[in-house]
Amino acid sequence: MFEKYLGISTDYIVIGLAALVVVLLILFIVNAVKLKRLKDRYDIFMKGKTAKSLEDTLVYRLDQLEDLTKANAANERNIQSIIKQMEFCFQKYAVVKYDALQEMGGKLSCVLCMLNEKNDGFVINVVHSREGCYNYVKEIIDGHSVIGLSEEEEQALEEALKNEK
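Positions 5 to 169 (this note's numbering) are the ones given, in order, by the sequence shown.
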């Protein structure tokens, strides 16, 4: 009967509708299983709870969230303060050991260079000789010294400048 009007055999229509019913049945079963799992989880969540105890739990959790938000803000302020203070801390350093005198071995003399984030700091040169130990300090401003630097002091300064955080 429909074949006249549609140009399609009724067998194909019945097979198509049967396939559609099977697909819908499968989707129904999948949704029923998911709904059962959700109901089980809901029952576990609500087990032993009354509306009042659930409200108390939610209020307690919201208070905890507020406390955590305040603590997080305090931590962020502290971190910013630490970062600000770090600008002035010595962050780059280098040590160069050398023999100040040809007749003395063992590299007992050394140069220590310490710089902050802005490349300000100092160079300490410790010269060891038979007569004693002598210390010299030279100020470093923006990676440069106003006073001339020895070869070892220059080397220590260059190494410290290369040492980024």
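There could be a bad hint or two in this list.
[As the list claims (entries may be wrong)] Calculated cross-link-like contacts (lysine-lysine; reagent style DSS-like; alpha-carbon spacing at most 25 Å):
1) K111 / K101
2) K56 / K43
3) K43 / K74
4) K166 / K122
5) K43 / K88
6) K96 / K43
7) K38 / K101
8) K56 / K101
9) K88 / K166
10) K122 / K96
11) K111 / K40
12) K122 / K111
13) K74 / K96
14) K38 / K56
15) K74 / K101
16) K51 / K40
17) K142 / K111
18) K96 / K166
Because the hints were derived from the structure by calculation, they are not lab data.
> In ascending order, which of the hints set out earlier in this document are inconsistent with the structure?
Replying inline: Hint check: 3, 5, 6, 7, 8, 11, 12, 13, 14, 15 fail, others pass.
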